[in-house]
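Peer 1: First to last, the protein sequences are chains A and B. For what it's worth, the numbering used here labels the leading residue of the first sequence as 1, then goes sequentially. For what it's worth, the numbering used here labels the leading residue of the second sequence as 1001, then goes sequentially.
I should point out that these hints are in silico values taken from the structure, not numbers from a laboratory. Just so it is clear, CB atoms sit at the ideal spot from N, CA and C, and this is done for glycine as well. You may find that some hints are simply not true.
What the hints assert, rightly or not - Derived CB-CB ranges, DEER-like:
id, chain 1, residue 1, chain 2, residue 2, range
1, B, Lys1056, A, Tyr50, 22 to 30 angstroms
2, A, Glu68, B, Thr1077, 41 to 49 angstroms
3, A, Glu68, B, Asn1018, 43 to 51 angstroms
4, A, Pro2, B, Glu1015, 38 to 46 angstroms
5, B, Glu1053, A, Gln14, 45 to 53 angstroms
6, B, Lys1026, A, Asn51, 26 to 34 angstroms
7, A, Glu18, B, Gly1059, 42 to 50 angstroms
8, B, Thr1064, A, Arg80, 42 to 50 angstroms
9, B, Ser1039, A, Ile60, 20 to 28 angstroms
10, A, Asn74, B, Ser1068, 39 to 47 angstroms
11, B, Glu1015, A, Gln14, 42 to 50 angstroms
12, B, Gln1014, A, Glu68, 42 to 50 angstroms
13, A, Asn51, B, Ser1111, 43 to 51 angstroms
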Amino acid sequence: EPEVTQTPSHQVTQMGQEVILRCVPISNHLYFYWYRQILGQKVEFLVSFYNNEISEKSEIFDDQFSVERPDGSNFTLKIRSTKLEDSAMYFCASSDARVAFFGQGTRLTVV
Amino acid sequence: SQQGEEDPQALSIQEGENATMNCSYKTSINNLQWYRQNSGRGLVHLILIRSNEREKHSGRLRVTLDTSKKSSSLLITASRAADTASYFCAFGMEYGNKLVFGAGTILRVKS
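Produce the complete structure using the sequences and hints provided.
Peer 2: Structure below.
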């Protein structure tokens, strides 16, 4: 069964460093998303991406964040100059415009 | 706010009993989806119900949607210990757009 894969599963980084979280969406999906979940809290929308551009972004998704689809398969989230409060589980999802399928997540720990 | 709310926050039942979780939302929606999350893992899609549907079944799952009350419920019948997880509702205003997640219900099924 097709699935969304994310790497790495766990990333520890020092405050102020840049991180890139990677995702391989399901191959025939056209809609891509990033969400995050701070431990014990709600799943929060960050950004959606369609037709090679951002279609919507939340207030959380400020200049510190960027997304790219560098090739036909990968979808990345870059966090510049990480802060302690960026520690969370980051989920990538892809959709056929109906059901959104989520990856297993990357647990980001900023120390 | 577009946020969804769920109740109960936590539910503990015996194996074989039914579990009911409720979700409410504030805006008009196009669809509502339910997801399961095992501890520290990804979000697994369970079921999607469209705004023009009132009830949907999938195996031991039954979802209802009342758009006049802006609420949905997820019923898991004959629960098993393996159903222990967090359950989230998520609603979309349009297909392909972001999902807005509820706070989730932590279900514990005791064997």
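Peer 1: The structure should be examined with respect to each hint, and the outcome stated for every one.
Peer 2: These are the hints, each one checked on the structure:
1. B:Lys1056 / A:Tyr50: 22 to 30 angstroms: 27 angstroms, holds
2. A:Glu68 / B:Thr1077: 41 to 49 angstroms: Since the Cβ atoms of Glu68 of chain A and Thr1077 of chain B sit about 44 angstroms apart, the hinted range of 41 to 49 angstroms holds.
3. A:Glu68 / B:Asn1018: 43 to 51 angstroms: 46 angstroms, holds
4. A:Pro2 / B:Glu1015: 38 to 46 angstroms: The hinted range 38 to 46 angstroms is violated for Pro2 of chain A and Glu1015 of chain B, with Cβ atoms some 32 angstroms apart.
5. B:Glu1053 / A:Gln14: 45 to 53 angstroms: Given a distance of about 49 angstroms, which is inside 45 to 53 angstroms, the answer is holds.
6. B:Lys1026 / A:Asn51: 26 to 34 angstroms: 29 angstroms, holds
7. A:Glu18 / B:Gly1059: 42 to 50 angstroms: Holds, at about 44 angstroms.
8. B:Thr1064 / A:Arg80: 42 to 50 angstroms: 44 angstroms, holds
9. B:Ser1039 / A:Ile60: 20 to 28 angstroms: With Cβ atoms ~24 angstroms apart, the hint holds.
10. A:Asn74 / B:Ser1068: 39 to 47 angstroms: At roughly 44 angstroms between Cβ atoms, Ser1068 of chain B and Asn74 of chain A fall inside 39 to 47 angstroms, so the hint holds.
11. B:Glu1015 / A:Gln14: 42 to 50 angstroms: Once the Cβ atoms are compared, 46 angstroms apart, the range 42 to 50 angstroms for Gln14 of chain A and Glu1015 of chain B holds.
12. B:Gln1014 / A:Glu68: 42 to 50 angstroms: 49 angstroms, holds
13. A:Asn51 / B:Ser1111: 43 to 51 angstroms: Cβ of Asn51 of chain A to Cβ of Ser1111 of chain B: about 48 angstroms, so the range 43 to 51 angstroms holds.
Checked against the numbered hints above, the structure breaks only hint 4 and satisfies the rest.
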